[in-house]
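Chains as they are written, first to last, in this note's numbering: chain A, 292 to 604; chain B, 62 to 809.
Hints are supplied without guarantee of correctness; some may be wrong.
Coverage of chain A stretches by chain B, computed from C-beta distances (three or more under 8 Å per stretch; other residues unrestricted) [claimed, not checked]:
#1 374-382
#2 419-429
Part of the chain B face toward chain A, derived, beta carbon under 7 Å [said to hold, decoys possible]:
#3 Arg332
#4 Thr334
#5 Cys336
#6 Ala337
#7 Ile350
#8 Ala681
#9 Arg685
Hints were generated in silico from the structure; no laboratory data involved. Every residue gets a Cβ at the ideal spot worked out from N, C-alpha and C, and that includes glycine.
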Amino acid sequence: MLLNRIRSWAAQGLRAGAGFLQEQGCGCLLCGRRTGGRDSTAAFHSFNGWYRDLLPQHRRPVYGIFQSISNKLCRDCLVLIPWLTDIRCGVCGRGIACPDCNRRSRPAFLYNRSAVQYDSTMRDWLALYKYRGLERLEPLLAEMLYLPYYELSRLAAGSGTVSPGCEPWDLITYVPVSGERAQERGFNQAERLAAVLGGRFNLPVQALLVRTRHSGKQSLKTRRERMIDMHSLFAPDEAGWAAWEEQYHQRINPAGKRYKDNQSGDRSIYSSVRILLVDDIYTTGSTIQACSEVLTQRSQSACEIYSLTWSRS
Amino acid sequence: MKAVVYAVRLKNVWEAGAAVDMDVVIRYYLDELFREQVRAESRDGDEGALAAAAKDMMIWDEPLPLGIALAAAKRFDRLTGGRGTGETLGRGDSHRRCIERGRDFEVCMKKTFSGAGLSAEQVLKRSVLEAGLEGEPLRMASGSGGRPPGSSCGGRVRRIRPGSTGGTGGTHRASATAGEARALAAAAQTAAAALQGRALLGSEAHALLGAAGAECPAAAGWSGVLQLAALLGRLRLCSAIARDEVRRWPGARPRRRLRCLRCGSGEAKMRSTPCAACGRVCACCEACILLGRSRECELLIIGSGQRSLGMPAAWQFPAPNRLGQHSEEFTAARQAPAHERIRRWKLSPAQAEAAGAALAFIEQPVTRSPTSQAAQRLSSCWAEQVSSGPAESTFRSLLRSLSLRWTKANNYQHKFLLWAVTGAGKTEMIFPLVESAAARGGQVLIATPRRDVVLELDPRIRKAFPDLSVVTLYGGSPQRWERGTITLATTHQLMRFREAFDLVIIDELDAFPYHGDPILHFAAEHAAASEGRCILLSATPPALLQRAATSGRLQHARVPVRFHRHPLPVPVQLRVPPAAEILRQKQVPAGLKKVLLASVSRGAQVFVFVQRINLCEPIAALLRTFCPADLKVGCTSSQDEERADKVNRFRSGELRVLVTTTILERGVTIPRSDVFILDADSRLFDEAALVQMSGRAGRSADDPAGRVYYCSSIPSRAQRQAVRHIRVMNRMAAAKGYIIQSGEGSGG
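Just need the whole structure built from these sequences, with the hints factored in.
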């Protein structure tokens, strides 16, 4: 009897210990299998495209991101990611030549860059996160967003040098969701991604837009419907703008001289404001276009808007 | 989701609650016109008794996240109950008392805030940490324009006196509101009936009510309907994740732990994230996320488990085993003795004996444990002495928890294990049980872990019981919101039921994913009604159950022989090097080749089990090299998209040899088949897996002596155990005389 009891205790203890070790080794976020670690480097050629266009000082963090992602996914899931490194359309960062960008008469944003090509796997992942609410995927998706972020930083900096810790952005903002959607879903995926990005690169994240009405899911509409639907869908968020303007003017002393500030690097404060607009998916660009128009209209100084999206369809 | 905390004074006791629709609550307690309509609507149901009209009422006018609101209400009840002032409150100086009470209420609200960590500074700090910002707190729902979550404790207590609402307006308006109230009450009754025995999240409940044909009153909405049903005591509204208090020993400080009320997971599976719906950081359960997200601020609706009116007449009477006495109605339905009813299903002697034992088990009255009997007696006599009050309710809950703990200690008393060998015909054995429970007006659940088994079982059950309503539930099932007498479901679907079934049959309980998944066990445990019975079916029960069965704690019946009454094929040990070695040498050992060709030439189809998915294809290629050209060799695994197609081709006999992993260890029946297990000493093959794989051979009466080969260099412990298991079953069958004598068999 007693022996039995002791034996069962020992078994419980062992099980608890084993469970603890397993937690440390953590499985794939999607399928729960063992993660690949270094083993998976060979199977992962498409990632290497990210190294190609980057400035030398950005290569080290990109390697770190690769390590971090491959610790979160198993080998099989890792190779499924269709990285968008082979860019044909310089404006919207698409993998194929893009009629939408040519058709757009007055683009309100400069560039868009996305991390992945939107395919059925990526759709499933995004659905798991957005609709099912599997929030453990959030760090993974945000980390995937770091890569086009570096790319976009390079574009924004132009010929100027970009060193880590001296980012070329004034602030990050995101595409809002309607109040009903936020109630139903519990979070705004774009806001979450922007928040992680802001935390990582030490940039201010500010809500500058509100959605004026509850429109249906964009994914169920055609391009033309989307264009019509987008009309006056977004409005500036006055509280957010006020907070941002106050913050912005704090950087300028009353005499109008340049305040020493390592956030804006060596850029003049009189140059236009650079805004990074974050969203989860770029399909026709109508959402980004509508948001950018509102931002441009509302902004008192000139502003350049860059869009960073997780996937490009 | 947010809720409003309120407290009402009924006669002389204060009671608190959290309302998802405050308007309905106020009208229910204070508006006499509304109460009349509700009473009229629930007259035909005897237990739809209204609570007494409130003498006084107060609300906290700030809507709070649901979990916090419920905790506040609970704390209020404990605070008022703990001091024993509940009874004396109504006498004489009620005014002063109520002021006192009012202060108490505020104190309790304040305590809730400090308990949930919702002071402004803390939230601010947390937001800063999360957003990586300084100064400006994270704004949650962009576009809602609300305040930052830190400043959410700006509410105050508001008093509502009887007579201050209602009674205004002309007769026209009064009649309009009366009609509206009537409609609301009717909708509440239908909703309560439809949600009976269910545990659903808010959105699921809306879908169910929509499908059940209840119409949503425009004025109140679904939340009003659910609120009224909850006030009438027909539903429970709770937050999907709640903090429960666990005392390690009596008198210890309670530890507050988060627990998912739907799947029973603890804090290890929770993830706390900022939530736009309630404006604070709230926990979300990741264990059951694929059935919809259960959150701290999400509404979970638990229907009443008991039978109540508004249901078909047959359901109103509990099954006899639930009352411990047989009422007149049922003697007519079950006049025939057990063996008569079993004979109808044409079972073999071994099957009939086991089915008879199970039938006797589900029909016998419940034997209550002495402790729970004593607890019930105590609580009933206490209820006589004290009319009602919070102190009494706490005492009663203490007794309930005591008796619960006792039943947990010997939780096998409502379970029965049917331990039947592979190919014994388990499905046929459950037919008489289903028939018996259905005849007594009970509801039956047949659950298996696998979806394809559910789909396979569906036509058989429908054919066996053509006049009963059968509902089949699995992920994406079209019958998702229906209820029937017989419910066929995958074990995951059980999470949507609570105390709903009188008879629960769990098939293949040792199969993945049911085995070793605590949330599915929780779901199965709670799907049975409080006195319902549970039948467990398995060929290879887990060691825990085997021990319980052999020691007598768990009632069980064994079926040691197949339906065709031939013994199980005993596995033969073959000395063969590991599969990896065979592949390296690119040559199948001569011994293995000989028996394999012998099997093929006798016309059998061959299962070749390997331990890993990546071995399937190379082994199949190797087998193709020496097999005759017209012999088709296929391979499949869980990662194969054409799996269903290949299995069908194997079933039809087009493929003669199938190389596969343990995914086909159960559920596939091939009339004439032999089994080869490569790497049988692998650690991935435990005793249960080996017995199941061996059970693929010799399943039909035409070819009862299939061949089973364990190919390994040295027999492992699991292999020896599996062989012993099969031998023990054969010996037992022979001892009971179930096995057909060989002369008889060959003659027939």
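Going down the list of hints, with the structure as the test:
no.	hint	result
1	374-382	violated (count 0)
2	419-429	holds (count 5)
3	Arg332	holds (6 Å)
4	Thr334	holds (5 Å)
5	Cys336	holds (5 Å)
6	Ala337	holds (4 Å)
7	Ile350	holds (6 Å)
8	Ala681	violated (21 Å)
9	Arg685	violated (27 Å)
Hint compliance for this structure: hints 1, 8 and 9 are not met, and every other hint is.
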